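Take a look at the letters that make up each chain.
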Amino acid sequence: MRGKGYFFKWYIALFLVFLYAPAILLPVFAFNDSSIVSFPLKGFTTKWFEMLQSTEALHVAVRNSLMIAVTTAIFSTLFAVLAARASTRFAFPARRSIMGFIMLPMVLPEIIIGVSLLVVIVQMGFELSLFTIILGHILICTPFCIAILSSAFMNLDQSLEEASIDLGQTRWNTFRLVIFPLVMPGIVASLLIAFTISLDEFIIAFFLAGTEPTLPVYIWGQLRFPQKLPSLMALGTLLLLLSIGLLVLADFVRRRGLKKTGIESSGGFL
Amino acid sequence: MTQPIIQLSGVDKFYGDFQALSQIDLDIRTGEFFSLLGPSGCGKTTLLRSIAGFETPSVGSLHIDGKSMDRVPANKRPTNMVFQSYAIFPHMSVAQNVAYGLKARGLPKAEIHERVSEAIAMVGLQGFDSRASHALSGGQRQRVALARALVLKPRVLLLDEPLSALDKKMREQMQSELRRLQRAVGITFVLVTHDQEEALTMSDRIAVMFDGKIAQVATPQTLYGKPSSRRVGNFIGMMNFFDAKVLSTSGETVEVDVQSFGTVTLPLSQAPGGVEGCQSVGIRPEMLTILAEGRTAEREIEAVVSEVFYYGDMTYYDVNLPQKDAPVTVTMRNTAGRKVLAAGDTARVGWSPVSLLLLQ
Chain A
1 MRGKGYFFKW YIALFLVFLY APAILLPVFA FNDSSIVSFP LKGFTTKWFE
51 MLQSTEALHV AVRNSLMIAV TTAIFSTLFA VLAARASTRF AFPARRSIMG
101 FIMLPMVLPE IIIGVSLLVV IVQMGFELSL FTIILGHILI CTPFCIAILS
151 SAFMNLDQSL EEASIDLGQT RWNTFRLVIF PLVMPGIVAS LLIAFTISLD
201 EFIIAFFLAG TEPTLPVYIW GQLRFPQKLP SLMALGTLLL LLSIGLLVLA
251 DFVRRRGLKK TGIESSGGFL
Chain B
1 MTQPIIQLSG VDKFYGDFQA LSQIDLDIRT GEFFSLLGPS GCGKTTLLRS
51 IAGFETPSVG SLHIDGKSMD RVPANKRPTN MVFQSYAIFP HMSVAQNVAY
101 GLKARGLPKA EIHERVSEAI AMVGLQGFDS RASHALSGGQ RQRVALARAL
151 VLKPRVLLLD EPLSALDKKM REQMQSELRR LQRAVGITFV LVTHDQEEAL
201 TMSDRIAVMF DGKIAQVATP QTLYGKPSSR RVGNFIGMMN FFDAKVLSTS
251 GETVEVDVQS FGTVTLPLSQ APGGVEGCQS VGIRPEMLTI LAEGRTAERE
301 IEAVVSEVFY YGDMTYYDVN LPQKDAPVTV TMRNTAGRKV LAAGDTARVG
351 WSPVSLLLLQ
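Chain order of the listed sequences is A and B.
Sequential numbering of the first sequence, starting at 1, is according to the working numbering.
Sequential numbering of the second sequence, starting at 1, is according to the working numbering.
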């Protein structure tokens, strides 16, 4: 028994080290006063962050990425709300297979989606642009949003909707006043997931970007220059903080939503 | 008599090949407490939901207050419903829940406020106005659901198994309260339940349903005392059945040969479903008596006690009668000085022909 307990403790410890040690190295080297990323550390500096501030191309890439991520999050969530509601509330022919096909991009290799989208878009005579990246990102983000929102809609007692209708309310107002507020935590989670996926998606953005790179495409391009590596560490540190911030925000919204409806918190991240 | 508030005629409901309702003809009177009673899957909830407008009958017509309900959606019907799960909006307070329907009608704020307070007081939830609805107990949720529906002053209040989620004590309390409320507001209540006791204690009239059909519509007393068929008699309370053969009918009486009891002559009123095709006779357990020493009854029969179930106020005996394989249940009140028998004792069972029912 004792041996078994030790094995699992070590297993968990090693797992966590592999998971978080690389992420912890990011801020360590971001503040290291040396253009070579290696131990021993040379001293404390913030010059890599200052370098980020003065790199115009980076700012463009960040703006592009944010624009794509926000647009993708909004449209993926919108489509997912429609799909999740339809699949949980109505019976229609071939519902299972239709939903299966909608969810498929979640498991398809992104490189295949990227290549095939590129071929189709070029064949149709579209210019590659931020718009084409958005199309690709909506395609891959929507299944994740559907997965999140389906459970939100599934947890909704159907008689709430009937009660609202029964009390004389119209269908649209029922959606606005009853359904929407109750699936709100799911919608926020869906927006954040789609935003995060889009923000750090590389393959599709790489294939579909015209002359305007996204942040991951920009970072990849900079890796060719070893002297830029420390400033990329600084950039990585900022992205890490942003991710943690979003995660905390998502969980806060989720918990607040649960509290409002009186459901005991179960699961969650933090 | 005034015109019925709800009239159903020839209503069928199909789900694919499955027939949920079959040839429903039913009049529900204005101001009565009406119950739809039956085992689960008998179609009672489908019928209630058809009245509310959540299901559309495949065939047949539904009139409420003399108006056809064809193509009238649920939010335009003069009915309101109390759902089995209560369906209280969890993100709204008690007062917001109760005000929901009034706001949908676009009434002025002052009137909404007044009617909401009135409705909340009527169901005994004074002081709970701003309470979050998820912080309420089952019984309180039920009251909110009632207030939310009654505040709209519907012509008919529909209740879908409203007491099934409550514990026994709460249920009994809510039964009398529902009855009191119904009398106070004078609104027609239509209650769906599978609990026969609940239906008997609360209703003015009851419709018993089996397999999508209405088996009998009657007052609680008639339903218990004169069930129209063996199935109804067995569903409402307990009943012992004996094989029987009709020998002859003459004027107001019928002569029947009954297993164990021999030949008896019954008034025709003891065959509430008609004499035609009757093959069994039923008797309620409390209509049989285990006779104490020295007591006599109109008719007597020798029996052997096979099982004794002691309930405190009552004792249920399973006894074996001659020429009958299945035991017969006899219930006795445990009045002062009455001896409780044990399994294996012999007993004289007293009965009377007028308590026998000739059933199909």
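Don't take every hint at face value.
What the hints assert, rightly or not - Simulated pairs of lysine-lysine, DSBU-like, Cα-Cα distance not exceeding 35 angstroms: (1) A:LYS259 to B:LYS76; (2) B:LYS67 to B:LYS213; (3) A:LYS259 to B:LYS168; (4) A:LYS259 to B:LYS103; (5) B:LYS153 to A:LYS259; (6) B:LYS109 to A:LYS259.
Think of the hints as simulated: they come from the structure by calculation, not from any bench.
Computed from a predicted model, the values in this text were never measured in an experiment.
* So which of those numbered hints doesn't the model satisfy? -> none
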